[in-house]
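Two chains, two frames, some hints: make the complex.
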Amino acid sequence: MSDEPHDNVLPLAAGEPGSVKKDVALEVLVAHGVSVVHKGNKVILSKGNVIEVQLFPARLHRRMLHRLARRFDIPIYHFYHPEAAKKQQP
Amino acid sequence: MPQKTKGATKLPTVTAVHGVKQAKGGTAHVVGIGNLRVMITRDDGSWFAHALEIDYAAQGSSWADVKRRFENGLRATIDEHLKIYGSIEKLLWPAPPEVWAELFKAESTVKLYAQVSVHVHKALPFDQIEYYERRAA
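Just so you know, the sequences run in chain order E and F.
Sequential numbering of the first sequence, starting at 1, is according to my numbering.
Sequential numbering of the second sequence, starting at 1001, is according to my numbering.
It is possible that part of the hints are untrue.
[To be verified] List of simulated lysine-lysine pairs, DSSO-like, C-alpha gap at most 27 Å:
1. E:Lys39 - F:Lys1090
2. F:Lys1067 - F:Lys1111
3. E:Lys42 - F:Lys1111
In short, the hints are calculated from the structure, not lab data.
The shape of chain F in the complex, shown without the other chains (with noise of 0.2 Å):
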């Protein structure tokens, strides 16, 4: 039974969903992310934000600049896969080693992060395409 160890800090539990609905016009892919990690780091003049149980990264000029980038690169790679694979089955992949290591440091900060996107894929206009038979001389 694991024990408890006085100051030890609870981490919440990270949490992905996706719901798909088909709809006329095309699928709908609702997005959720709760509880992600980020770290952030100062890197040299720039700011580094680095998710921990997705991998993902940003680099930024500014605190709020390195957070706008995260969140709008992070919302379109989800849109990305659910393009090409349908799913974010493989954005659910942690970051290595080395940077959980660095979340002990004193220099990087971690914020917790959380989205819900929603992305609509359209059906390609079948209905626009015009099919013609070749027919025998």
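Isolated chain E, as found in the complex (with noise of 0.2 Å):
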């Protein structure tokens, strides 16, 4: 059993996040409430008033992360740990 929580999470510089895959993004996404519909290589997140279209490549990076957890209010530890987020769906 890897010593990783999880194999989405890439090795980096201590302390520094790592990327995740772009389906683990979109279901804690999903799992906080964000409409996310596939249109072609295109994805439409929506929540309240947020809406916008993303062309995501297959891993999203700490910048990416760090602004949609601050765009749709998501803790930014739930893309490292989707358990997490999983867990408070209602």
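Structure follows, in structure tokens:
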């Protein structure tokens, strides 16, 4: 069994969070009530008044994850520990 | 009266315009954005572009890739706002202060971005709906 809690976390310098797979990030967004609609290579994200379309690459890095966390009011660690996000689903 | 600081750079004013034209087949929106400042940063092997005057960002694998994703994503975001709200008003919010603070860091590059896009939203084909009146027996 791997020491890493999730295979989606890339090893990085100490104290620096890594990147996560796009699908994992989208699951976390859904768990926090964000509507995720796939339209070709685009993803439409919406929650409340926030609507945006993204062309995400395969992995999302630190800056994008922090931005999504802020935009959709999600604790940043949920992207690195998606089971924590799923637990809080209604 | 504001004083001029020696060496200070005068930043251009961002412009966002939205025009609507009702046509027979639907609604045509023309959206123009000028002098939008976009901060581009290396982020652990990827590239990250964040607009300052509009809180929109994109991630890509190279300079060209992040530009392409930013431009296509912003255009599609404008389109969604027009479809849902009929305006881009809710999109015109600046990035948070921490993003602006990074403007002065050396590792970021700021580029000016401008686009004009036309979004045509076709009206539903109401002439193809058949209505039936249910009459009492």
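A quick look at each hint next to the structure:
1. E:Lys39 - F:Lys1090: Roughly 22 Å between the alpha carbons, so the hint for lysine 39 of chain E and lysine 1090 of chain F holds.
2. F:Lys1067 - F:Lys1111: Distance of about 10 Å is within 27 Å: holds.
3. E:Lys42 - F:Lys1111: holds, 24 Å
Consistency note: the structure conflicts with none of the earlier hints.
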